[in-house]
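**Q** Required output: the full structure, derived from the provided sequences and hints.
2 protein chains.
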Amino acid sequence: MYGRLLQQAFLQSRKYFSTEISSKSRCLPCEGIGKTLEREQVQQLLDKVQGWKVSPDNKQIFKNLELPDFMSAIRYFQQIADVAEAEGHHPDLHLTGYNKVRIDLSTHALKGLTENDFIMAMKIDSLGR
Amino acid sequence: MYGRLLQQAFLQSRKYFSTEISSKSRCLPCEGIGKTLEREQVQQLLDKVQGWKVSPDNKQIFKNLELPDFMSAIRYFQQIADVAEAEGHHPDLHLTGYNKVRIDLSTHALKGLTENDFIMAMKIDSLGR
Chain C
1 MYGRLLQQAF
11 LQSRKYFSTE
21 ISSKSRCLPC
31 EGIGKTLERE
41 QVQQLLDKVQ
51 GWKVSPDNKQ
61 IFKNLELPDF
71 MSAIRYFQQI
81 ADVAEAEGHH
91 PDLHLTGYNK
101 VRIDLSTHAL
111 KGLTENDFIM
121 AMKIDSLGR
Chain X
1 MYGRLLQQAF
11 LQSRKYFSTE
21 ISSKSRCLPC
31 EGIGKTLERE
41 QVQQLLDKVQ
51 GWKVSPDNKQ
61 IFKNLELPDF
71 MSAIRYFQQI
81 ADVAEAEGHH
91 PDLHLTGYNK
101 VRIDLSTHAL
111 KGLTENDFIM
121 AMKIDSLGR
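If you read the sequences in order, they're chains C and X.
Each residue of the first sequence is one higher than the one before, counting from 1 in the numbering used here.
Each residue of the second sequence is one higher than the one before, counting from 1 in the numbering used here.
No lab work stands behind these hints, which were simulated from the structure alone.
Among these hints, one or two may not hold up.
Unchecked claim - In silico lysine-lysine, DSS-like type, Cα no more than 27 Å apart, as pairs:
no., chain 1, residue 1, chain 2, residue 2
1, C, K111, C, K53
2, C, K100, C, K53
3, X, K53, X, K24
4, C, K35, C, K53
5, C, K53, C, K63
6, X, K111, C, K100
7, X, K111, X, K35
8, C, K59, C, K48
9, C, K59, C, K35
10, X, K63, C, K63
11, X, K35, C, K59
12, X, K24, X, K63
13, X, K35, X, K59
14, X, K35, X, K53
15, C, K111, X, K100
16, C, K24, C, K63
17, C, K63, X, K35
18, C, K63, C, K35
19, X, K35, X, K48
20, C, K48, C, K35
21, C, K100, X, K59
22, C, K100, X, K63
23, X, K24, C, K63
24, X, K59, X, K111
25, X, K48, X, K63
26, X, K59, X, K100
27, C, K35, X, K100
28, C, K63, C, K100
29, C, K100, X, K53
30, C, K53, X, K35
31, X, K24, X, K48
32, X, K100, X, K35
33, X, K48, X, K111
34, C, K24, C, K35
35, C, K100, C, K35
36, X, K48, C, K100
Unchecked claim - Calculated from the model, a selection of chain X residues having no Cβ within reach of chain C, i.e. all distances over 12 Å:
no., residue
37, P29
38, V49
39, K53
Backbone N, C-alpha and C define an ideal beta-carbon position, used for all residues, glycine too.
**A** Written as structure tokens, this is what we have:
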């Protein structure tokens with residue numbers, strides 16, 4: 001009980017430092033704790049990730065990319081997967097038209113966006129391709 | 001000119017043997033030659049591939065799968081990519097909800113379905129996962 005309260009307090013306190021997250025931050029466990037980000041908070045964090053957009057319902061951020069070819073896209077998926085697995089936070093991945101990639105990030109357990117999604121976006125952006 | 005006519009004649013002749021395609025068949029070049037399959041031909045070929053469905057506009061076949069986890073899905077993508085690259089025929093790939101895979105096949109150059117899509121479907125189905 002106290003452990004959970006402490007976790008909640010910790011997550012609340014992080015909100016005031018949300019602009020300090022970076023690609024070196026770690027995703028936090030999100031099942032059943034914490035709150036999703038408000039529209040204004042999402043906009044603040046979007047300023048820190050290049051090329052990412054938010055869905056109209058504020059529940060997902062996404063990025064569209066064109067890679068040189070199909071195999072480059074698959075290798076990029078593999079790199080994203082390694083990060084996603086290490087963080088326990090998995091994006092949706094789409095590969096269409098042989099070289100067009102779309103990455104969707106959302107915190108499904110909370111049905112919305114959390115800092116974790118932006119941490120993952122930064123980690124993905126720090127990958128080579 | 002004659003080369004192209006010969007290619008067309010060859011493709012036409014294959015139509016009468018469309019039920020003979022298998023996962024051992026090779027995809028044919030499809031840019032600017034050949035015709036897309038009619039609805040009835042698609043239905044015939046669908047009988048030969050398990051779990052594949054056709055889109056209402058008859059322009060795409062697709063299959064939905066659930067894999068054990070995210071990394072299994074990525075490994076499966078890698079396997080599909082190896083076949084796709086060898087055949088020069090690339091499906092659209094989607095991974096959502098950490099383990100749900102959707103594979104879309106269409107012959108983009110002809111804006112519809114050809115035997116190539118069914119050959120690829122059979123090759124994909126013959127992969128382990």
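**Q** So, for every hint listed, does it hold in this structure?
**A** Hints, verified against the model:
Distance restraint check for C:K111 and C:K53: the Cα-Cα separation of roughly 17 Å lies within the 27 Å cut-off, and the hinted pair is therefore satisfied. Of the supplied pair hints, the one linking C:K100 and C:K53 holds, its CA atoms being roughly 16 Å apart against a limit of 27 Å. Distance hint between X:K53 and X:K24 is fulfilled; the C-alpha atoms sit about 21 Å from each other, no more than 27 Å. For a cut-off of 27 Å, the pair hint linking C:K35 to C:K53 stands: about 20 Å separates their Cα positions.
Between C:K53 and C:K63 the CA atoms are separated by roughly 6 Å; this keeps the pair inside 27 Å, and the hint holds. Distance restraint check for X:K111 and C:K100: the Cα-Cα separation of roughly 18 Å lies within the 27 Å cut-off, and the hinted pair is therefore satisfied. In summary, the hint linking X:K111 to X:K35 is supported, as the alpha carbons are separated by about 10 Å, within the 27 Å threshold. Annotation: proposed proximity of C:K59 to C:K48 holds, straight-line Cα distance about 18 Å (limit 27 Å).
As the CA atoms of C:K59 and C:K35 are separated by approximately 12 Å, the hinted pair is consistent with the 27 Å bound. Distance hint between X:K63 and C:K63 is fulfilled; the C-alpha atoms sit about 25 Å from each other, no more than 27 Å. Distance restraint check for X:K35 and C:K59: the Cα-Cα separation of roughly 43 Å exceeds the 27 Å cut-off, and the hinted pair is therefore not satisfied. Annotation: proposed proximity of X:K24 to X:K63 holds, straight-line Cα distance about 20 Å (limit 27 Å).
Between X:K35 and X:K59, the direct Cα distance comes to roughly 12 Å. Compliance with the 27 Å bound is thereby established for this hinted pair. At roughly 20 Å between alpha-carbon atoms, X:K35 and X:K53 fall within 27 Å of each other, so this suggested pair holds. Under the criterion of a C-alpha separation no larger than 27 Å, the hint pairing C:K111 with X:K100 is consistent with the structure, at around 18 Å. In summary, the hint linking C:K24 to C:K63 is supported, as the alpha carbons are separated by about 20 Å, within the 27 Å threshold.
Our distance criterion of 27 Å between C-alpha atoms is broken by C:K63 and X:K35, whose separation comes to about 35 Å. With a C-alpha separation of about 23 Å, the suggested pairing of C:K63 with C:K35 holds against the 27 Å cut-off. A threshold of 27 Å between alpha carbons decides the hint, and for X:K35 with X:K48 the separation of about 20 Å falls inside it, so the pair holds. Our distance criterion of 27 Å between C-alpha atoms is met by C:K48 and C:K35, whose separation comes to about 20 Å.
Our distance criterion of 27 Å between C-alpha atoms is met by C:K100 and X:K59, whose separation comes to about 20 Å. Of the supplied pair hints, the one linking C:K100 and X:K63 holds, its CA atoms being roughly 20 Å apart against a limit of 27 Å. A hinted pair counts as satisfied when its Cα atoms are at most 27 Å apart, and X:K24 with C:K63 does not qualify at roughly 38 Å. With a C-alpha separation of about 7 Å, the suggested pair X:K59 and X:K111 falls inside the 27 Å cut-off, and the hint holds.
Among the hinted pairs, X:K48 with X:K63 is consistent with the structure: their alpha-carbon atoms are about 14 Å apart, no more than 27 Å. A threshold of 27 Å between alpha carbons decides the hint, and for X:K59 with X:K100 the separation of about 23 Å falls inside it, so the pair holds. Taking the CA atoms of C:K35 and X:K100, the gap is near 26 Å; set against the 27 Å cutoff, the hint holds. Of the supplied pair hints, the one linking C:K63 and C:K100 holds, its CA atoms being roughly 11 Å apart against a limit of 27 Å.
As the CA atoms of C:K100 and X:K53 are separated by approximately 23 Å, the hinted pair is consistent with the 27 Å bound. Of the supplied pair hints, the one linking C:K53 and X:K35 is violated, its CA atoms being roughly 39 Å apart against a limit of 27 Å. At roughly 14 Å between alpha-carbon atoms, X:K24 and X:K48 fall within 27 Å of each other, so this suggested pair holds. Restraint check for X:K100 and X:K35: the C-alpha separation of about 33 Å exceeds 27 Å, so the hint is violated.
At roughly 22 Å between alpha-carbon atoms, X:K48 and X:K111 fall within 27 Å of each other, so this suggested pair holds. Pair hint C:K24 plus C:K35 holds up; C-alpha atoms about 22 Å apart against a cutoff of 27 Å. Proximity of C:K100 to C:K35 is assessed by CA-CA distance (about 33 Å); at most 27 Å being required, the pair is judged violated. Restraint check for X:K48 and C:K100: not satisfied, since their Cα atoms lie roughly 30 Å apart, outside the 27 Å limit.
No beta-carbon of chain C comes within 12 Å of the beta-carbon of X:P29; the shortest separation is about 15 Å. With a cut of 12 Å on Cβ distances, X:V49 stays outside the contact zone with chain C, its closest approach being about 21 Å. Residue-level check passed: X:K53 sits 18 Å from the nearest beta carbon of chain C, beyond 12 Å.
In this structure, the earlier hints numbered 11, 17, 23, 30, 32, 35 and 36 are contradicted, and the remaining ones agree with it.
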